[in-house]
Structures are given as structure tokens and as C-alpha cells.
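**Q** Listed here are the chains, written in short residue letters.
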Amino acid sequence: MDKTINQKAWFLVLPVFLVVAFSAVLPLMTVVNYSMQDTFGNNQFFWNGVGWFKELLDPSTDLGGRFLASLGRNLFFSLVILAIEVPLGIVVALSMPRDGWTVAACLVTLALPLLIPWNVVGTIWQIFGRPDIGLLGYTLNAMGLDYNYVSNAVDAWITVIVMDVWHWTSLVALLCYAGLKSIPEAYYQAAQIDGASRWAVFKAIQLPKMNRVLLIAVLLRFMDSFMIYTEPFVVTGGGPGNSTTFVSIELVKIALGQFDLGKAAALSLVYNLIILIVCWIFYTVMTNAGSERKPQEGAV
Amino acid sequence: MARIDLVDLAHSYGGNDAPQDTFALKPVTMTWRQGGAYALLGPSGCGKTTLLNVISGIITPSSGKILFDGQDITPLSTQKRNIAQVFQFPVIYDTMTVGQNLAFPLKNRGVPKAEIDKRVAEIGRLLDLEPYLNRKATRLTADAKQKISLGRGLVRSDVAAVLFDEPLTVIDPELKWQLRSKLKALHRELDLTMIYVTHDQTEALTFADTVVVMHDGRVVQSGTPAELFDKPAHTFVGYFIGSPGMNIIPAEVRGREAKVDGHVIALNRAYDNLPAGAKIEIGVRPEFVDAVAPAPGLLTSKIERIDDLGRIRFARVRIGDAKLAARAPNGFTSSDGNAGLKFDPAHIHVYADSLLVEGAA
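Keeping their order, the protein sequence lines are chains S and X. Just so we're aligned: the first sequence equals residues 544 to 843 in the numbering used here. Just so we're aligned: the second sequence equals residues 27 to 387 in the numbering used here.
If you're looking for bench data, these hints aren't it; they were derived computationally from the structure. Check the hints yourself; a few may be wrong.
Derived DSS-like pairs (lysine-lysine); straight-line CA-CA distance at most 30 Å [to be verified]: (1) X:K210 - X:K133; (2) X:K328 - X:K305; (3) X:K305 - S:K746; (4) X:K257 - X:K305; (5) X:K210 - X:K106; (6) X:K285 - X:K257; (7) S:K752 - X:K139; (8) X:K368 - S:K752; (9) S:K724 - X:K106; (10) X:K133 - S:K746; (11) X:K139 - X:K202; (12) X:K106 - S:K752; (13) X:K202 - X:K285; (14) X:K162 - S:K752; (15) S:K752 - X:K210; (16) X:K144 - X:K91; (17) S:K724 - S:K752; (18) S:K746 - X:K285; (19) X:K285 - X:K368; (20) X:K144 - S:K724; (21) S:K746 - X:K257.
On a predicted model such as this, the values are computed, not experimentally measured, just so you know.
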């Protein structure tokens with residue numbers, strides 16, 4: 544086949560190059576540049592090589608200690624919310640009606656938390672949990688439970704996790720529901736004829752068919768929860784102490800609070816790299832788990 | 027293994043209060059004999075799949091009863107009935123191997139492992155699936171998947187009947203023949219009642235020893251392929267079975283004569299007691315009408331075209347508004363576009379309001 548060669552076509556691609564350069568490549572390179580230097584203001588910079596990165600990975604330094612502690616908190620947070628939201632989302636999706644007007648009602652109700660902006664969610668829970676005027680905080684205290692997210696680290700953690708579950712389980716549920724809806728009716732009929740129990744139907748039909756959407760749900764929820772900033776910042780401000788200070792909160796403190804651009808740049812690069820690597824591992828593992836080996840040709 | 031009786035069975039998707047002509051399945055009473063090979067034949071939307079799903083228990087009928095060996099099983103769930111069903115599109119549990127797929131119905135019923143292994147090996151051999159038993163069930167061809175679906179039904183030794191819902195739809199034509207012969211062989215070997223739903227008459231006539239023709243939610247005739255061909259009980263059967271279908275011509279019938287377009291055709295039997303006011307038609311298969319050169323004493327028709335089917339040629343002709351097909355002998359040509367029609371009186375049937383009327387000898 545003859546290919547038309549037209550060098551002018553490059554001009555059509557050029558605007559995209561420019562937009563990407565100014566919006567992504569240049570800012571990223573600036574960050575890389577900062578991560579190698581130190582500044583004391585006045586636009587004066589000093590070369591520091593890989594010094595910040597060394598400090599980041601060394602828990603005995605101030606920077607390294609803060610980074611690794613917040614990273615640990617962040618990983619723990621992501622694991623906990625995944626462990627709650629994924630099974631809960633599946634259960635919600637399974638118990639949703641399959642047809643009739645109730646479907647629309649369920650979908651709209653489920654979508655509501657997803658439509659609320661992050662800082663509004665934070666504000667809602669911040670007030671909801673207050674022991675003096677918040678419905679939740681006041682009720683719990685009236686029942687004799689000593690609940691105060693401002694002074695108690697465990698309470699703060701519970702509040703942040705419950706808030707995230709409230710905000711994002713719907714997303715997992717909606718994705719799973721879409722996966723369930725794509726299963727043809729004949730599968731359920733065949734399973735009935737095969738005498739399958741509810742659990743066997745779930746294991747043999749529903750879970751395998753939800754594989755793909757669950758992969759997407761886990762990826763989305765992991766990335767989002769690993770980057771979480773607004774909600775815990777509004778509710779607890781990272782406290783009490785440093786107990787709910789996640790990596791992003793720490794990053795903002797260093798970059799804007801202390802104006803340590805070099806440290807902040809190094810931290811954000813490492814932070815970014817971790818998210819990329821974890822997502823890549825997830826994706827590779829999950830896609831390979833579903834499809835074993837190469838297609839086998841010529842059957843029966 | 028069981029005899030299946032349907033007693034006044036009817037189903038309406040709109041509930042029992044809906045008018046009866048909207049019923050998907052109008053009241054039917056019939057018996058399916060143990061070990062029979064049945065085909066349920068009819069066009070799309072005639073209620074054949076509804077009837078099948080009622081037998082398997084996927085649908086609970088609005089009224090009537092289903093008996094297996096005289097025992098009323100209407101209220102029983104699908105799981106509790108000993109029914110196997112193969113669907114139009116193959117259903118495969120794709121996380122399992124072929125062997126695990128076959129074992130699934132037995133595992134669900136708590137059969138001991140040794141017994142499961144024995145049955146799976148046996149059915150695997152029967153269906154030529156042996157080399158694939160340890161392989162994942164995904165990425166097999168459609169016919170292999172359909173065999174696995176069938177195998178899941180056959181693996182249960184107590185199965186009362188195997189139901190097929192257009193199982194060959196997604197199979198390549200050349201494999202259809204193979205799979206259908208396999209089904210026939212299995213039927214002989216296992217002595218199972220098989221009910222096969224299809225809209226393809228070739229499939230129905232080659233598979234079944236009894237063909238049940240459905241039309242508009244009603245069973246219009248059930249009989250051997252020969253009976254359906256020779257003596258259709260309903261004009262729909264005549265038209266639906268055979269290719270081309272039976273010629274149905276409006277006529278005035280009196281005694282041993284039928285009058286079509288002012289021309290008299292002799293009949294073999296006397297029809298003196300036709301219901302008054304009914305729509306009277308005569309039906310004759312194209313195989314028993316010869317198109318010849320027009321001659322006095324023959325019904326004259328206008329030739330529209332001649333279809334050459336290789337072994338046989340059919341002339342498509344027209345009398346007034348009625349369209350007919352007639353056998354055109356080799357070498358038959360028409361000079362003026364007209365043909366005379368010669369009927370075989372032994373094969374002319376009379377229908378009143380679409381139902382066959384038996385004449386007196």
C-alpha cells in the first residue's frame with residue numbers, strides 16, 4: 544500500500560506539543576531542577592545534588608523521618624479503605640434491584656456523595672463529628688462514648704476513614720453494578736439448572752465477570768486515597784499531633800509552610816514515582832491473573 | 027428419566043387477568059413420552075421458548091400443571107427438578123477448567139468426589155472432550171463450549187429430560203451437522219427425553235421423531251415429520267413446513283368439488299358438512315401440482331418466475347391475488363407466460379378457518 548508522506552502534518556501536531564510542554568513537561572522539569580538545589584529566598588539557589596533524596600530515604604533526618612512516617616500512614620489508610628470499600632461496594636451492587644423504577648432511584652442516591660466537592664465533604668464531616676454541635680459527635684458522647692476527633696488520634700483516624708468510605712464506596716458499587724448488568728440472563732438460568740447455591744453463583748459467575756471493573760475500581764481508589772489531601776486537611780488539619788498527616792499534607796507544609804522548595808520538590812518526585820510504580824504493578828498483576836497464557840487454537 | 031405431562035398449561039407475561047389472546051402460551055395439554063426426541067418448531071415469538079422455560083422451571087406458569095411421571099412438580103424450583111437445559115449462547119464458567127465445568131452440577135448437589143470423577147470422565151469420553159478436561163474453558167470454539175453446556179446436563183445420572191433452546195445458532199454450518207448427529211447418537215445411547223426448540227425446519231425434521239409445531243402461542247400440530255408433510259392440521263403447518271410451503275387457495279367447496287377462480291377442481295373426498303360462514307381454503311403442496319402447457323379443462327395461471335433448485339424446478343404462478351408454486355417438469359416452457367395447473371386430487375386438503383377438515387370417503 545502506498546503511504547502519503549506529508550511533512551506538513553507535523554504542524555498539526557505542534558500545538559499539542561506546545562500545550563503539553565507548557566502544562567506538563569516544563570513544570571515537571573522545574574520541579575526536577577528544584578529538587579537538586581537549596582534556596583534561602585531572594586531567588587538565590589545552591590547546588591545540592593542528590594542530597595535531598597538521600598535525606599528523604601534516611602529516617603534519622605528530620606525530612607526523612609517525616610516523609611517515611613507520613614508514607615506509612617498513607618499506605619495504611621489506602622489499605623484500610625480498599626479493604627472496606629471494595630467488599631462493601633460489591634455487596635451494595637449485588638443487593639441493588641436489577642430492573643424497575645427502583646434502579647434509577649438507587650443509582651441517583653448512590654451518585655449523590657460523588658457529586659459533592661472534596662472540601663464540602665470535609666466540612667460536612669468536620670461539623671457532623673463535633674462533640675458540641677455535630678449530630679454524630681453529640682450523639683456518641685450522649686451515649687457515653689468519649690468521642691473527640693480533635694484530641695484523640697484513634698477517633699481522628701476513624702472519622703477520616705468513615706468519611707472516605709461514605710464518599711467513595713458508591714463509586715465501587717456503581718462500577719460493580721455495571722459489571723453485573725453485563726452478565727446475560729442465561730448464565731443465571733444455567734446456574735439454577737446446575738443447582739448452584741447463591742455463593743456458587745457469586746464465585747463462578749458474578750465475581751469473574753466483575754474482574755475488569757474491580758481492577759479499575761481498585762486502581763482508582765488506590766490512586767485517589769494515596770493522594771488524599773483536602774478532606775483530612777479540612778477535618779483534622781493533619782492532627783492531633785501528626786497522627787493524620789498524610790504525604791500530601793506533609794508536602795504542602797514543607798513547600799508552602801517552610802518554603803523549602805528543594806526538599807518539597809524531591810519529595811513530590813518520589814511521591815509521584817511511588818504512585819506510578821504501585822499502579823503499574825497492580826495493573827500487570829491483575830491483567831495477567833485474568834488471562835492465562837496465549838490463546839489456544841483448535842479445540843475439539 | 028420421566029414422562030412429562032402438561033395439563034391445561036398456560037402462561038401470560040402480563041399476569042392472569044390479561045385477555046387470553048395476549049397469552050404467550052395458550053392452554054395446552056400434551057404428553058412427552060419418556061425417551062422421545064421432540065422438536066418444538068415455530069417462528070420467533072410463537073411461545074416455544076416460553077414453553078421450554080416453563081418445563082425447566084425458569085418461568086412459573088400462570089395456570090395449569092406439569093407432571094413428571096405423574097407427580098406434580100409445578101411449584102418446584104429449577105434446582106429441584108431434574109432438568110438439563112442448553113441455551114442458545116453457550117454458558118461456560120470461565121474461571122474453571124472443562125472438567126470442573128462438567129463437575130459443577132454434581133459438586134453443587136454434594137455428590138462424593140470419586141463418583142464425580144467417574145461421571146466427568148464418562149461424559150468427557152461421550153462428548154469427545156477428553157483431551158480438554160484439564161484445560162481452562164475459555165478460548166474454546168463455540169461448538170466445544172456448547173458441548174460443555176450439554177455435558178453439564180448429561181453428567182447428572184438422574185436427569186429427567188434435556189431441553190435445547192436453539193443450541194446450534196452460533197455454530198458454524200459444517201459443524202452443525204456433526205453436532206446434530208452427535209445429539210442423535212447420544213439420544214439413542216442414553217435413552218433420554220430430549221426437547222429441542224428451533225425455528226429451522228431442517229433441524230427439527232432431522233433431529234426429532236415427533237415434531238410439535240407452535241404458532242401464536244398455540245400448539246397447532248404434533249406428529250412425525252411425514253405426518254406434518256402429508257397432512258398438515260393447520261394451514262400454518264402447511265405453509266411453515268416444506269420449501270416452498272403449501273399452496274393455500276381460497277375456494278368454494280361443495281361435495282367432491284372445489285371451485286377456484288370459476289374453475290372446478292375434483293376432490294378425492296366429499297365435504298358436505300363444512301361449517302357455515304367459515305373461511306374455506308384448499309391446500310396442496312407444490313410437489314403435487316404440475317405446471318403444464320395451458321389446455322381446456324385446466325386452471326390457467328400467470329407465470330411470475332421459475333425457481334431452479336437444481337434437483338427440481340418450481341414455477342411461481344398467480345391466479346388473481348393468490349400466489350402458488352407448482353412443479354415445473356424439465357423442458358417446460360411457456361409461450362405466452364401462462365401455465366395450466368394439474369392437481370393431484372389425493373393430496374388436496376380442505377381447511378375451514380385454517381383448520382383441516384376430514385372429508386367423507
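**Q** Looking back at the numbered hints, which does the structure fail to meet, lowest number first?
**A** The structure conflicts with hints 3, 8, 11, 13, 15, 16, 18, 20 and 21, although it agrees with all the remaining ones.
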